[in-house]
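The listed protein sequences correspond, in order, to chains S and L. If you read the first sequence in the numbering used here, its first letter stands for residue 171, the second for the next number, and so on. If you read the second sequence in the numbering used here, its first letter stands for residue 150, the second for the next number, and so on.
Just so you know, these hints were derived from the structure itself, not from any lab. From the three backbone atoms N, C-alpha and C, an ideal C-beta is built for every residue, glycine too. You may find that some hints are simply not true.
Claimed, not checked - Reference excerpt, derived from the structure (chain L facing chain S, CB under 8 Å, subset only):
id: 1; residue: T175
id: 2; residue: G201
id: 3; residue: A237
id: 4; residue: G239
id: 5; residue: E366
id: 6; residue: V370
id: 7; residue: D382
id: 8; residue: G386
id: 9; residue: R389
Stated by the list, open to error - Calculated pairs, DMTMM-like style, for lysine to aspartate or glutamate (alpha carbon to alpha carbon, straight line, at most 25 Å):
id: 10; chain 1: S; residue 1: K329; chain 2: S; residue 2: D503
id: 11; chain 1: S; residue 1: K254; chain 2: L; residue 2: D174
id: 12; chain 1: L; residue 1: K233; chain 2: S; residue 2: E194
id: 13; chain 1: L; residue 1: K327; chain 2: L; residue 2: D296
id: 14; chain 1: L; residue 1: K233; chain 2: S; residue 2: E182
id: 15; chain 1: L; residue 1: K233; chain 2: S; residue 2: D503
id: 16; chain 1: S; residue 1: K524; chain 2: S; residue 2: E464
id: 17; chain 1: S; residue 1: K458; chain 2: L; residue 2: D383
As the list claims (entries may be wrong) - Each pair of labels, with its calculated beta carbon distance range:
id: 18; chain 1: S; residue 1: K458; chain 2: L; residue 2: L319; range: 29 to 37 Å
id: 19; chain 1: S; residue 1: A536; chain 2: L; residue 2: A368; range: 57 to 65 Å
id: 20; chain 1: L; residue 1: L295; chain 2: S; residue 2: G212; range: 48 to 56 Å
id: 21; chain 1: S; residue 1: A536; chain 2: L; residue 2: A178; range: 45 to 53 Å
id: 22; chain 1: S; residue 1: P406; chain 2: L; residue 2: I220; range: 35 to 43 Å
id: 23; chain 1: L; residue 1: G221; chain 2: S; residue 2: L355; range: 26 to 34 Å
id: 24; chain 1: L; residue 1: I220; chain 2: S; residue 2: L287; range: 45 to 53 Å
id: 25; chain 1: S; residue 1: E413; chain 2: L; residue 2: E482; range: 55 to 63 Å
id: 26; chain 1: L; residue 1: A385; chain 2: S; residue 2: P341; range: 34 to 42 Å
Spelled out, the chains give:
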Amino acid sequence: MKITTIRTQIVELPNDEPLAGFSENPNATNPIVTLRVGTDEGVEGIGVTYFGGRVTNTLRHAVDELGALAIGEDPLRVEAVAAKLSAAAGSAGPGGILTMAMSAIDVALWDIKGKALSLPLWKLLGGGRERIATYASGALRRGLKLEEAVTAAGRLREKGYRQAKMQLGLPGITSPAREVEQARLIREAVGPDMDLMCDINQRWRVEQAIDIGKRVEDAGVGLYWLEDVTTHDDYPGLAWVAEALATPVAGGEYLWGIAPFRHMLEARSVDIVMIDQVRSGGITPWLKIAGMAEAFNLPVVSHGVPEIHVHLVGAVPNGLTVEYMPRLFRLFDEVPVPQNGELAMPAAPGLGLKFNEDAIRRYGVA
Amino acid sequence: MRISRIRSQILVMPQQDPLANTPEDTSAARPIVILRLNTDDGIEGIGVTFYGGAVTASLKRAVDDLGALIIGDDPLRVEAIIAKLRAAAGGSGPAGIFTLALSAIDIALWDIRGKALNQPLWKLLGGARQRVSTYASGALRRNLSLDEVVAAAGRLRDKTFREMKTQLALPGATSPAKEVERMRRVREAIGPDIKLMCDINQRWRVEQAIDIGKRVEDAGVGLFWLEDVTTHDDYAGIARVNAALTTPICGGELVYGIVPFRHMIEARSVDYVMIDLIRVGGITQWIKVAGMAEAFNLPVVSHVIPEIHAHLVAAVPNGLTVEYMGWMLQLFEGTAALEDGELVLSDRPGLGLAFREDAINRFKIES
Chain S
171 MKITTIRTQI VELPNDEPLA GFSENPNATN PIVTLRVGTD EGVEGIGVTY
221 FGGRVTNTLR HAVDELGALA IGEDPLRVEA VAAKLSAAAG SAGPGGILTM
271 AMSAIDVALW DIKGKALSLP LWKLLGGGRE RIATYASGAL RRGLKLEEAV
321 TAAGRLREKG YRQAKMQLGL PGITSPAREV EQARLIREAV GPDMDLMCDI
371 NQRWRVEQAI DIGKRVEDAG VGLYWLEDVT THDDYPGLAW VAEALATPVA
421 GGEYLWGIAP FRHMLEARSV DIVMIDQVRS GGITPWLKIA GMAEAFNLPV
471 VSHGVPEIHV HLVGAVPNGL TVEYMPRLFR LFDEVPVPQN GELAMPAAPG
521 LGLKFNEDAI RRYGVA
Chain L
150 MRISRIRSQI LVMPQQDPLA NTPEDTSAAR PIVILRLNTD DGIEGIGVTF
200 YGGAVTASLK RAVDDLGALI IGDDPLRVEA IIAKLRAAAG GSGPAGIFTL
250 ALSAIDIALW DIRGKALNQP LWKLLGGARQ RVSTYASGAL RRNLSLDEVV
300 AAAGRLRDKT FREMKTQLAL PGATSPAKEV ERMRRVREAI GPDIKLMCDI
350 NQRWRVEQAI DIGKRVEDAG VGLFWLEDVT THDDYAGIAR VNAALTTPIC
400 GGELVYGIVP FRHMIEARSV DYVMIDLIRV GGITQWIKVA GMAEAFNLPV
450 VSHVIPEIHA HLVAAVPNGL TVEYMGWMLQ LFEGTAALED GELVLSDRPG
500 LGLAFREDAI NRFKIES
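The following block holds chain S by itself, in its conformation from the complex (with noise of 0.2 Å):
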């Protein structure tokens, strides 16, 4: 089999909040950057890449331009695909948008393999297990206010969803107490069992991060995991952190490629490994890394895409729980729905994911 065709396109999705309705910010746009691998033998395998902001058109032009490196290779040889684009442009990285576009590629090569061996992906990368946790992501975030965001934690508990996340590191004027009160606040719009996630987005110091999270521990709100509590990079930090708080500590959405995982987990930054399919450079990566941290005894998660990650996260045997954010939605036919705030694992071959046309059409911006 070999590579004929690759098609990208970029779209700008509306930043919607379709899980419990406060959208933070209902005028911005997500731009995504689509591909479409097509073969010799008609198997057409999907990938996407995202993060560019402002450079999202150089990122477009970085899966043009590798994937035109890819054109009469073997689909099913990713690591001889991602030797070959490195070699050619490797020095552009590690790391920022080659890694980003060779991500796309990957993934659209996986989606291939899977669809070329009849059989989804999920069974393909280990089978671990049919149904995987997920939580409720993006509706509780900071910028919305203290009643909407009780509001929308109460509709998410409602809607069925056993875990949710919020964050903290507030907007404006904050302070520790605030910040408790926020957070006691979801808490209490959730009720008492369901897990609840926390993520401060590396908005504090990590004194702060200690002095808050020793607040909230105090105050009864049992936080499942507090999150990326400081600068992403700064390993024994974050590690000062997760030794003085009793809530896990999570991190590493951030991370590019497989070697920096090795330095947070060496430092025992984390206690839950996030990882970022597009930033890790991919299917394959993900799974590097994964298996690394089974070698630490923790468990992994995903950031981002759930559409894709439900895959990853079900079939590596730490896979722990999938961040069901609902960003791509549009763009796809058909995603995995929660039930009883799980999800199956996808029965399609491939990636089991179609591009909703009308939606291409309708967000295709170039």
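Given the coordinates of chain S, assemble chain L onto it according to the supplied hints.
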């Protein structure tokens, strides 16, 4: 003062060896992106970026995308511009193409600043010295035959270079004995007084680096430094090599931004910190890493583009030597003069450089 215009262009520079005239691969070429940034009061700053390989058109696109965002900004407020571009580019950095593109802009902003203040950059940035040591690089590469490398080393000595770099981790069938023999012969060709560096370009495993490194020491080659002995981000592995050898260990050129340098330095991986202007994010970040290295009592050295790096190594107190790599010498007028193995900085403001239009016309490609 406001930024009024930005223009970028891709050039493909031939991979010549102007120092000893023994190129490794005469057909190879190196794509680079050049940048011109203009202000409303008539100053033009120039910058370059590279390492784009097969995605160089994407790198140019990133420079254009980012450059468009700073039209109307004050070019002297470098940190404000960096913050704006980081925010706009969202999650596409740090590192990679975003950082490579940002470097070109940062360099051009510093060139503008030097011209606006009528000061050469080496002086504006600290002015520790106006003459700085330099070493011949790129001439004694691993793909040359032993006879070629020995002859080229002799030519460098005749040209009065006092410092020069060769490479080990030879291609094809090699052995510790072959590696040592090559070093011995190169040392013989240049005599005992020239400082000789050796670059491994990440090709050894940790235990190989220790084994061959010790054999080279035992053979009395006397290396000034051994560079990139193993995978660049295996800080603990590099530190192990560093602890095992008396030869100074050098590294850092492959590191993006300032934070990984902290990791590398905290792990005591290297004795000499090599900073690459393009991967670190430009002049602003280069100077920060140099200051951090100073706090660890470590000297800093530069990686390629001596036309710009001469200013930086000369400016800081712990600047040791400038890698004299001939990749882009054809592109510029006004490069620092090479005298008795040292680079002498001019008093021209900013970078003191201008693009040679004949070189641009010769090496430009449509994009």
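To see whether the hints hold, each was checked on the structure:
At a threshold of 8 Å, the smallest CB-CB gap from L/T175 to chain S is about 20 Å, leaving the interface hint violated. Given hint, L/G201 at the interface with chain S, holds; its Cβ is 5 Å from that chain's nearest Cβ, closer than 8 Å. Look at L/A237: its Cβ gets to within about 4 Å of chain S, closer than 8 Å, so that hint holds up. Interface hint at L/G239: satisfied, since its Cβ lies 3 Å from the closest Cβ of chain S, which is below the 8 Å cut-off.
Annotation: L/E366 was flagged as interfacial toward chain S, and the flag is violated, the nearest CB pair being 29 Å apart, outside 8 Å. Evaluation of the L/V370 hint against chain S yields a violated restraint, the C-beta minimum of about 29 Å exceeding 8 Å. The beta carbon of L/D382 is positioned within 8 Å of a beta carbon in chain S (closest approach about 5 Å), and the interface hint is therefore held. Given hint, L/G386 at the interface with chain S, is violated; its Cβ is 11 Å from that chain's nearest Cβ, farther than 8 Å.
About 14 Å separates the beta-carbon of L/R389 from the nearest beta-carbon of chain S, more than 8 Å, and the hint is not met. For the suggested pair S/K329 and S/D503, the alpha carbons sit about 22 Å apart, so the restraint of at most 25 Å is met. Pair hint S/K254 plus L/D174 holds up; C-alpha atoms about 20 Å apart against a cutoff of 25 Å. For a cut-off of 25 Å, the pair hint linking L/K233 to S/E194 stands: about 22 Å separates their Cα positions.
In summary, the hint linking L/K327 to L/D296 is supported, as the alpha carbons are separated by about 13 Å, within the 25 Å threshold. For the hint pairing L/K233 with S/E182, the CA-to-CA distance comes to about 22 Å; that is within 25 Å, so the pair holds. Under the criterion of a C-alpha separation no larger than 25 Å, the hint pairing L/K233 with S/D503 is inconsistent with the structure, at around 37 Å. Using a Cα cut-off of 25 Å, the hinted pair S/K524 and S/E464 is violated, with the two alpha carbons roughly 32 Å apart.
Taken as a hint, the S/K458 and L/D383 pair is honoured in the structure, with Cα atoms around 17 Å apart against an allowance of 25 Å. Against the hinted window of 29 to 37 Å, the Cβ-Cβ separation of S/K458 and L/L319 comes to about 30 Å, which satisfies the hint. Under the hint 57 to 65 Å, the C-beta atoms of S/A536 and L/A368, about 59 Å apart, fit the expected range. For the pair L/L295 and S/G212, the supplied restraint of 48 to 56 Å holds, since their beta-carbon distance comes to about 53 Å.
A hinted range of 45 to 53 Å for the beta carbons of S/A536 and L/A178 is inconsistent with their spacing of about 30 Å. For S/P406 and L/I220, the Cβ-Cβ distance of about 41 Å falls inside the hinted range of 35 to 43 Å, so the restraint holds. Take L/G221 and S/L355: their Cβ atoms lie about 44 Å apart, and the range 26 to 34 Å is violated. In this structure the supplied range 45 to 53 Å holds for L/I220 paired with S/L287, their Cβ-Cβ distance being about 51 Å.
In this structure the hint that S/E413 and L/E482 lie 55 to 63 Å apart at CB holds, the actual value being about 57 Å. Between L/A385 and S/P341 the Cβ separation comes to about 39 Å, which falls inside the hinted range of 34 to 42 Å.
Taken one by one, the earlier hints fail for this structure at numbers 1, 5, 6, 8, 9, 15, 16, 21, 23, listed in ascending order.
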